[in-house]
Structure formats: structure tokens, C-alpha cells
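On the provided structure of chain A, position chain B as indicated by the hints.
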Amino acid sequence: MANPLEQFEIKRIAELGVGELDAAFTNASLFMLIVLGLILAFFWVGSRNPQLVPGRWQAALESLTGFIGQMVDENIGPKGRAFVPFIFSLFIFILVCNLVGLFPFSFTVTSHIAVTFAFAALIFLICVFVGIARHGLHFFSLFVPANTPPILLLLIVPIELISFLSRPLTLSIRLFANMTAGHILLKVFAGFVISLGAAGGALAVLAPVPFAMTVAFYGLELIVAVVQAYVFALLTCIYLNDSINLHH
Amino acid sequence: MTVPKGFSHLPDPADSSTEAFDARLAAAKAKAAPEPRAVVVSALARGTRHAVEIAATTLVGAGIGWALDRWLGTKPWLFLLLLLLGVAAGFWNLLKAVNAETAALKRAAAERDEPGSTGEHQTGASRSDEQG
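Taken in sequence, the protein lines are chains A and B. For the first sequence, my numbering begins at 1 and goes up steadily by one. For the second sequence, my numbering begins at 1 and goes up steadily by one.
Here chain A stands alone, though its shape is the one from the complex (with noise of 0.2 angstroms):
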């Protein structure tokens, strides 16, 4: 049977250094290359002749921007306008990078953590320094809960900054975890089929089950696909809406 980590594997296409860093061109940087041509195309095609009734790309460009302006606006308030663009961003580079994964022979690559942690952490620094420049010293104020006693702050405080500082380890598992997972079921799944098939007689007979069952678990992945974006997207307004108002 197929080892059902291959798909996982990085493969060098190109060398590339910067100084000392090895910054070789690879099957990941090539399907987020490639990512990004589907969203450029996904917004030239809705965008290149807006109409007052959209027509269909319109319509789906303009439900998945409101979409995520509807988030925003739930979860933050007006003060979360400015940050629309980069929370869209993430989410539409995460869906569609979900999605190009479940093609047949393609990469994913959200599955590798240092892709998902690199968006964790970048979230993080964004908002801590988005904090910082708002409320200054203030900020911290977020580990102390209103109306706590003395007495219990010993314990809470720091379970709030353990809590806290575990955001971008949460934020970049979650989606690892998904879609690393899922990818590894439907290629343990797939390769039951073939296995069951090339065993011959009455094993043959069962192969059907499987591809069944991968079918069904290939429905499920592009639920999660979409899910595990907008959750990202989601804890992304959650976290900054802490940032910008503290107490709420």
C-alpha cells in the first residue's frame, strides 16, 4: 500500500538562497503560487464588469467579502473596519489553499505546521503590538478580569496569560491537525481499495466498500475544508476584538 504520508512530502523544484538561508523554491511554494493565481482569477472574473443586479461571479464575490465584513462587524464592531482586508486575506488564502488540497495529486499546504503557525503567529504579534499602541500598559488589564477577588487573582492571572499565550499553538494546530487527519484518511481509505482489489477473489468483492467510505469521508473533508477557514477567520476577529476593546 501507499505510504499515506507521501503526499506530505516537500519537494525541492528549484534552488534559491538568500545569504546564508535556504530558500529553495518547492512544491509548497509553487501550489501557493498557485493559490494565488485562483484568487486573482476569482477576483478579476467577479470584479471585471460590476453591475447594480450582479451576475453570478458578482453575486460570489460579493457574498464572500460581505461574509467576512459581517463577521468583523459581529465581533468587533465598527472599530474592526480597518482590519476587513487582512482578516479576509487569511481566510480566502486558507479556504482556497483547503480546497487546491483535495485535488487529486496536489499539495496541500495548510497541512504543514510551519505554514499554519507562521499565520498563528503572525496573528499573535498583531495582536499584542495592536494592544499595545491602543491602550498601552492598559492592555494588560486583560489578564485581570473585572470583578475578581484579590485572593483568586493569584490563580487567574496566570491562567490568563497561559491561556493567552497559547493562542498561536491553538490557532496553528487546529488546522494541522484538520487537515493533515482528513488527508490521511481519505489516502488510508483509498488505498484499501486498491489493496482489496489486487488480493483477488472474494476480497475483490469487498473493495467497493472503502471507495464508499472514501466518497463519504471526501464530503466530509470539504465540509472541513470550508469550516476550519472560517473558524480560523473567526478566532482571528475573536482575538483582535480583545486587542481593541479589552473589556466588553
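One thing to keep in mind: the hints can contain errors.
The calculated lysine-lysine pairs, modelled on DSS-like cross-linking and capped at a C-alpha distance of 30 angstroms, are [as the list claims (entries may be wrong)]:
id	chain 1	residue 1	chain 2	residue 2
1	B	Lys75	B	Lys29
2	B	Lys106	B	Lys29
3	A	Lys79	B	Lys96
4	B	Lys106	B	Lys96
5	A	Lys11	A	Lys187
6	A	Lys79	B	Lys106
Bear in mind the hints are in silico, worked out from the structure with no lab data behind them. Computed from a predicted model, the values in this text were never measured in an experiment.
Same frame as chain A, now just chain B:
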């Protein structure tokens, strides 16, 4: 006024009494209630959101404790303390999320029971709910 052919599923425009309109509105609202599939998707979103959090806060707590132990030479006490605090942080987050969700559900239920109630009235209702 007769309804043109092919439009019989639309309400009769002549029937404009408020009762009939209220009934139509109620039917439309029932139709707009979230589909089972939408409920499953939002539950999946919320579930994966909270599931990872407990594991991650535990790991981060343990990691900070381990690093502090190495720095201060207090092996293994800070590791154990911060590991426990990490677990506590995970459950603390879960508790906060569940409380927020319960409050949202209560607000939605109050909204359903008393449609058209003002925002001021609502906060009063939810406050009495919390006390009861």
C-alpha cells in the same frame, strides 16, 4: 383580482388582513429556522474550536514550567505547578465558552417567546433569568 396562472403558490393579494399576514410570517419564519445541516456545520466549527484548546494550554503550561525549571533550577516544581495551571486554563476557557453559549441560547429563546420586544426589555429578562 385573479391570480395569474403559474402563480397560485403566491398569497392572494386581496387577502391583506393582519391575521393572514401574521400566519404567513410565522410560516416563513419557521421555514427560515436553521436546517439540520447548518446546525451540524456550526457544531463542527465550535467543537473543533474548543477541543484543541485544552490540549494546547496544557502543553504551553508544561513548556513554560519546564523552561522556568531549567532557568531557576527548581526541578520539577514549577513544571508540575504550571502543568496543572495549563489544564485549569483549558477548562476555564471551555467554561467561559459554554457560559457565553448558554447566555446566547437564552437570549434567542426569550426573543422567540416575545417577538418584537425592545432591547431594554430583553436585558431585563435575561438579568432575571440569571438570578432565577
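Do the hints match the structure? See the list:
In summary, the hint linking B/Lys75 to B/Lys29 is not supported, as the alpha carbons are separated by about 62 angstroms, beyond the 30 angstroms threshold. The hinted pair formed by B/Lys106 and B/Lys29 meets the criterion: a straight-line CA distance of about 19 angstroms does not exceed 30 angstroms. For the suggested pair A/Lys79 and B/Lys96, the alpha carbons sit about 24 angstroms apart, so the restraint of at most 30 angstroms is met. The straight-line distance between the Cα atoms of B/Lys106 and B/Lys96 is roughly 15 angstroms, inside the 30 angstroms bound, and the hint therefore holds.
Annotation: proposed proximity of A/Lys11 to A/Lys187 holds, straight-line Cα distance about 19 angstroms (limit 30 angstroms). Proposed proximity of A/Lys79 and B/Lys106 is supported: the alpha carbons are some 28 angstroms apart, at most 30 angstroms.
Checked against the numbered hints above, the structure violates only hint 1.
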